[in-house]
Structure formats: C-alpha cells, structure tokens
Amino acid sequence: MTAAVGAGVAAGVCWAAAVWLAAAPQTPTFRSGVDLIPIDVQVVDGDGHPVDGLTLDQFDVTIDGKKRRVVSVDLIDHRTTSAAPSAKTVTTIAGASDSSSIVPPRRIVIMAIDTYSFDAATAVPILASARAFIEKLPADDEVGLFAYPRGIKIDPTTDHDAIVRALGKIVVQRDAPPEGEFQLTPAELVDLSTWTLGRPTPQASQLMDTLCHGDVTCLIRLDAEVTGGLMHDEAMAQMSAGTLSALIRELGKVPLRKTVVLVSGGFVTADVPGARPDNQEAGTQVGKTAAAADVSVYTLFIDPSLRKMISAETRSAPRGVPDVRREGDLYKQWLDEFSGRAGGSLFRVASGDGHFAFDRILSETSAYYLLGVESTPGDRDGRAHEMRVRVRDKRLTVRGRSWILPQKPGPAPAVVEVADRPASAPAAATAAASAAPVVPEIRPLADAFDRDDRTAIAKAMVGSKGEAVIRAFREGGDPWPASPRRRAVFALDLAAAGMRVESIFTKREAARLIAEYALQVRQPQPNDPFECAWLRVATEGLEGLFEPSTGATFIMRAAERCPADPRFALAVGVIRDQQVRLGESALAPVREPAKDIPDGQQRALDALAAAAASPGTRDEAIARTAWLHFRAARYADGLKTIETLTTPAPDPTVRYLVDVIRGQLLRALDRPDEASAAFRAALVAWPRGQAAQLALMTLLVNRGQHDEAAALADQIETASVDDTDPWWLYWVGDYRTYSTARAQLRERMQ
Amino acid sequence: MRRYVRTIVAAVLAIAAGVSVGVRVDAQDAAVFRANADAVTVGVSVQRGGRPVPDLAQADFELTDNGVAQTIGALSYEKLPIDLTVLLDVSTSVNGRVLDQLRRAVNDLRKNLRPQDRLRLVAVNMRIQRLVDFDAPPAAIDAAFANLTSGGASAVLDALAVSLASAAPPDRRQFAVIFTDGKDSISINTPDMLLDTARRTTAAISVVLATPLRRPADRIYTDLANETGGQVVSLLPGETFGDTLQRALDQFRSSYVLTYTPTGVERTGAHALAVHVKRGGVDVRARKGYEVR
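Sequence order for the protein chains is A and B. Be aware that the first sequence starts at 1, since it is given in the numbering used here, and climbs by one per residue. Be aware that the second sequence starts at 1001, since it is given in the numbering used here, and climbs by one per residue.
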C-alpha cells in the first residue's frame, strides 16, 4: 500500500484507473447471441434492503424515451458469508439463442472525503462511522481512499485495514472565507448576489437597508464581503467538481461495478434564478460524468446549517431567525445535482456520526440486478443516452444511472502499463497521470507562457473570448501534467489578464479561477514558500485592480496563509483603504472631521496599525495612516502620526510619499513654510515627482508666487514620458512590485 | 525694488450656466501697485432668452467691489484674444472611438478660432501631458492624437490646477475646457485647494462631463465653473463633444470685459463682486469675487 499524501490534485485523480485497468479483473460478460447492453440497478424497499426475486416482466426499461426489451435479469448478491459474491440467473427471455449467464464482477468502493467542506469536530464521529463501514464490506471488495483536495490517497485494495487506519489520519478542516463584518448566512449571500449582479430582489434591498441604512461606505464593504463569499463558494465548487469529475472519468475506464461514497459538507449554490453562487452547472457536469462512467455516487451530506444557525444567533447584528431548512438546502443543492444520477443517493447528516447513512449504503449496495437489455444500432454511437428503469411495484425504489454510454464496437481502450502486481494486492500509487489532450485554445497560450509573453495572453482575453478561454483551460487538459506549479502560475497569468478586460463575464470567470487556484496551491502548513509567492503575485495583482470588492476577502485570506510576510498585512490595509477611498470618491469632500471615526475607516486604520508593527512595512503603513487621517480632515492626528517617523525611510518611494503627505498635512494646518519645505524634500527623494510639484505649485499660487508656480506648471506639462511618480501607484499598493514578484514566482515554478 | 508693475485683472465671465470671474495678479511693481495703479478686468455675460445681448454700453453696467460702487473705466466686447486650453481625460474609461471623436472636435475647433486666438492641447490621465502648445502648426494635432493611447488613473483636479497656474499674459483671456467622466482617482490637490487656486488666477474653466450622472463628488466642477466663469455641461445622447466645445467657446467669446480700478476698498484680501445691468429681462452672470494676497 502506498499513501500519497499531499499529491497534486491533477496527478492524484488518475491513479486509480491505471492500476485497475492493468489488473484486468473480472468483467460482467454476457454470452448471448443477441447484442445486449448491460445495465445494473439496485432495487430496494422502504428500509433500503435489496429486494430479490424480481423477474423479467417486472422491469420496464426505456432508452431515449423508447421502451426496450429486457433479455435477461441476474441478481448479483454480496450478502453471502463466502468471500465471493453469488450470481444467479433469475430469468432469461424465451428465444435467446444461448442461455444468458454472467461472470459476477468484484466491486470497487471509493471512499471520497471532501476535506475542505466540513469542520474537524464534525469529522471525528463521521470518520469513525466510515471506518466501521469499511470493516463491514465483503472481504473481496477493492476499497480505495481519496481525500481531496488534499489528503491521503490509497489505491484500491482488499487490505481494508489499511484504509481503516488511513481514515483515522485524515485531517479535515472546513475552508471558509475570513469572518466578515456582516457574518452573512448562505441565504443572505444568495439574496445579496442579485444586488451585485445589478438586479436586486426585494429580499436583497431589504437586507441592504437593514445592514447599511443607505450608508455608501457600508455598502462598499458589504459588496466586498458578498463578492468574496461568492468567489470562495464558486471556487470551492469548481475545484471539487473538477476533481470529482476527473476521478470519476478515470473510474469509468475500469470495467467493474464502481461505487463512490462521498462525504461532503457541500457548497452554497443559489436557489434563486440568476443569482450566485452559480454552481449548478458544475454539479450537473459531475452527474453526467458519473452517469456516463457508470459510477454510482452515494453522498453523505454533512449539513452545516445547524452550526451556522448557532453562529447566526450569536452574531452582532441579529436580523431574524435564519431559515435552517433553506440554509441546508443551499449547501445540499450542488450535491443533489449529481448524487443519484448514476445510481446512488444522498443522505443528509445534520448531527451525529451518520452511521445510519453508512448502514443504508451498505445495505443498498449489497445486491443489485444486472439487466441484459437489447440494443439498437443507434445505441453505440459514442453519445450518452438518457435511460430510465422502473419496476412494477411502486413501493420499491430503483437506483440506477440516468444516462448510459454503450461502448462503440472496436478495439478495447488502451491500458496504462503498470508494473506487475497481484490483482488484489495494494497498488503502487505511482501510475503515470494520463494527461488529457490540451485543447487548441490553450496550446498557443501555454507556449506564450513558456516564453513569458504576457501580451499574447492579454490579447486572448480581449472582447468576449476571455471567458471561453478560461473555461477551456479549466476543462481542456493540462499543458504541463508533470508540473502543477507551472499550471498554477499560468492560471494566475490567465486570471490576471482576464480581470483587466471590460467583459464582466470574463472578469467573473477570472476571479473564480484565481480563487480556485488559491485552493490548489494551498499547502498543509502556512508560510509555504511557493504558496506564499503565488499568493503574493495574486495579491499584488488584485491591489492593482482597485476593485476592493474582488480583492478584499482574497487578500485577507492570503494574509492568514502567509503571516510571516508583513507585506500581506500591509495589503490588507491597502485594500481596506481602497474601500474607504471608493466611498470618498462618490461623496462630497470632507471638510470637518466626524465626531466618531466611521466603521470603514476604523477597519482600515486597524489593518494599517497591524502592518505598522513590522519594521519592514512600518514607514509605509504610517504614511498611509496619516493620509487616511488627512482625507477625513483629522489633520492634527495625521501630522502626529507621521511625525512618529523620525528617520528617513530607506526606500525612496516611501520617503517621497512620507514627505508629500507631511506637506499636505502641514498645509492644511496653515503652516505653509513647513509644507513648502516638505514638498521640496519630497522632490529631493524623487526628483520631478509630479504630485510634489503639483502640491507645491498650488501652494505657491496661494502665496502669490505666480511666476514660480507657472514655471512648475510648465515643467509638469512638458515632463518626459520617462518621468514617473510613486504617487500614481499609491492606491494600488504593492502592485508597483508586481513584475518583480511575478518573475520570482516563475523562478520558483521551475 | 521690483521691476514689474502689478496689475490685477479680474475676468468676470458670464456663461449660460452661471456667474464667473477670473482674477489675475500679473506683471508687478509693488510701488506702482501701492500707488493705486491696479486694474481689474471682469468678464460679464449678458443674455436674453439664451442669446447674447451685444449692444450694451458702459453706462448700462453697475459694479460693486466689497459693496462699494466702482467706476468702470473701459468696456470691450469680443475683442481680447483668447488662449484656449483643451484638456482631454484619456484615462482608462476613454476608448479608441472616443479618441477619434475628440481628435475631430479639436481640429474643427481650431479652424473656427480667430487669427489672434491660440489653442493648446493637454492629455490627462495620471500624467498631465501637453500634446500641442500654443502656436504649434495645425498638423501637430493629428500627430498628437496618432500617438495618444488611453489608460491609467485620472488626475482631473490636478490638471485643472495646472491650467489655472500656467502663465497668463495680461492682454489675453484664458479659457480652459476639460472633457472628462469626472472621476478623479489620483489628484494630490483637493477640491478646496483647487478652488483656492481658482480664486487667485484668471482662467475660466468649463467642464464637459461625458456622462449625465452627477455624484456629490462632482460638485467641485460646478463650484469651479461658478468661481471662474465657466460652465458644466453633460454630454447628452446625440450631442458631440465638438458641438459642446464650440458652444462653450462662443459663449465665452461673446462676453463683455469691464475694467475698473478698485477704489474705497482694501487692496488685499477677499473681494466680493456684484455686477448689475440696468435693463430688464436680461440674465447677468459674473463671478462672485476674487482674492489678492
């Protein structure tokens, strides 16, 4: 047995098929003169017990809505005490040229744990039940473990004890955005998403009024919290869907009976048309993949709504009792999209250890019918066909896939060569990832990335193409299957370009991509060099957008992941201040200080104070604090703050900013001589800095020194295009070092 | 002793949107100034039914400075040459199509200038860049636009401050028009600083907003127009920048310029101005004051 801990998702999902295909186990084989399509279904009673004794005439099968003849019915029963399952031919249709029979296959059961979707405390009893479930499986069942996005992965094995031991080591931790100011419930998030999309529902309008009372700056912060929450939920769902689909696709290559038992807390999916998080399509795709691959998916939905409700009751701004049922359904909806479509079911676990669900799965999967259904020429056309199986007795439940993809006649699919191993022995999880072909849209961009041509990537995002390109990248194969880091950096370049175009759809897709890859690059421990380098570039890019609604939550999360790098703390201050600035730009200028510091300003001041605690960011954080005071007409506070800087900053950029801001504060306090000296000092730190010249120019006009002011005006208008000014990048924080940080990231990517 | 004679030129310009006055302290000699040789010129727009009233005489005007009636020494109409500065906001929000419209508008405007008038073109994003200076050949405009790209943040207030602070010959009237979406994101000068600068300089400022949306923050443009004798107009659907620009220039041009020497008031400090026309049914717009240090 080999446990692959922390393997990249892209590589990790492909391991199973390779070893199973190589193992060439038994396959359900009809020996009949009629071309039959094998269809397996479980028929259970109200308690989940398999029902045996059903005969041909009790099944009703339709494919693409047309009734089909059922030629044979075999019950595959694992409820035996012997190691091998029994297979008995229940009945065959009269007239078949040979008697139908089946070689009963072994089963494969994959325990998939979505480790980011529920919390550690909830996980303990659930995983205990999962262990008990594994122990009860028949000895010849091949059992695999797939903890994702990050966690232990074990190839299918009959060594059930190994799986049980590994389950005891799995680390589960719900991934959630940082605690927000408004502590939005999922339902509130969904409702408010209609506002961020420009079509607020009455519920959204009411919430906005309740939370912000018309305060523009509050609405800006609310927008950021909503957008951050949406990005997070969509990224989680995209990543989960991608991982699950890849796993299921690979499982589809194995000609055995396959069951995935998924343990997940789900992701919020909108239940209002046109609202977000828009995860329905991702769920549907997983469902179709599962159906086509003939993989049954049983899901234990670990409903977090009860815990959320308790949290909501304790939040600082109570606004009514949450609708717990709706909250839970929002998490469940995504899972509903695919659970059961391929013959499984979904069980909600609101509290406790979920053993009832595991028992039910054990029971339901302990026996199934294999139907031989007569095919028609159009069935094997390489496309999925909708299928439905019913039984006459309406009290019984049929669990079966809703799509089939009958194999095209021709050679068998290629088998990935794997070193010799016994069919039932633990596999080496070293099978090469079978890279999907790269779609045409992505190949030239991948080449451009390899030669560091950002312009080509930016061009690909222009117009309405960007959204399609990002989707193609997500779904269309991996240009660097052996290098997930390279892929992650490429995703960052793609997202950075996508977020700078006008198309709102491309922007949204790009934001999803960046949030998704922030999860992909995450390492178990904080302060990982590559993860933090990646987050640094992403953070600086988001600062540069000056769209705090997009960047705020992401950057706060990045700061949590990389606490050793103080630039992240400063970035939080910058993005908070961007929120304040957005509010200012919409309002009349502040001429008198407010009696109390408004919430948004206080949050920015707190964040900047945290950044000022580190020597490396102290000077800049203090300068930014002083400038915030200036904008709020708290000139004395601003001057007092900036005068704590007693030695010149070593960085000329920061030194220039400090002197310009000091000058503006002195001028506002009617100390023009000192202000003039400060502006001139700024021009020593950064000769020809435009902001310092401008500030000095208007000061001179006000003092009647028109000639010198006019000379400065002329100098400003005729400056060389090579002259730059750090002030131009004041509002975008560390975006000024984006290119350097990106170059360093590319080095780490190697 | 300083070698220059200081004169104060107040240009009170009345244009459709409001009263405006430009005040300028020019070539100076402190001794002469103290000898009461200061001259103030005030531009005044007089309209009836939206049309200029061109036949007024000196005796038709009454002017007070800090409440003290002043004697108008000279009156002119459409005579002084004009220095026109066109500022184009080329920040991220401006695309190639708009740039082409702006190029045509500026070229048309240049053709309609009188021989004695001059035009200067300035591009504004975070950088304030003079593209075409006064007296540049006509081809310079096309050449400037050919190399112009849009993008970046927008320092609208700073650009206006530069226009106000630029050198202004006393024998020419200064008029600046900016085309912008009004969204200033990077200026170091605050609205109050800009207004202070406007009170101490002579140029009239008109603002053409690309969008009819008006936010509280846009109030600075109205205040600035009132202070300097310009106007604020929003580009309406179907209107071109060229039409709007030409109309603004026509209105500026068809103003009276009154000249007086302040008497009975302190030279320095704030001066409140009031202009009245002794005819009924006319709309008189003039700047409300100026300041001398």
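These are computed hints drawn from the structure, not numbers from a lab. Heads up, the beta-carbon is just placed ideally off N, CA and C, and yes, glycines get one too. Hints should not be assumed to be uniformly reliable.
[What the hints assert, rightly or not] Just so you have them, the derived chain A footprint on chain B, three or more residues with Cβ under 8 Å:
1) 1123-1134
2) 1180-1189
3) 1192-1203
[To be verified] Examples of chain A residues lying across from chain B (beta carbon under 7 Å, computed):
4) Leu587
5) Leu694
6) Thr698
7) Ala713
Status of each hint after checking the structure:
no., hint, result
1, 1123-1134, "holds (count 5)"
2, 1180-1189, "holds (count 7)"
3, 1192-1203, "holds (count 7)"
4, Leu587, "holds (5 Å)"
5, Leu694, "holds (5 Å)"
6, Thr698, "holds (5 Å)"
7, Ala713, "holds (4 Å)"
Of the hints listed earlier, there is not a single one the structure fails to meet.
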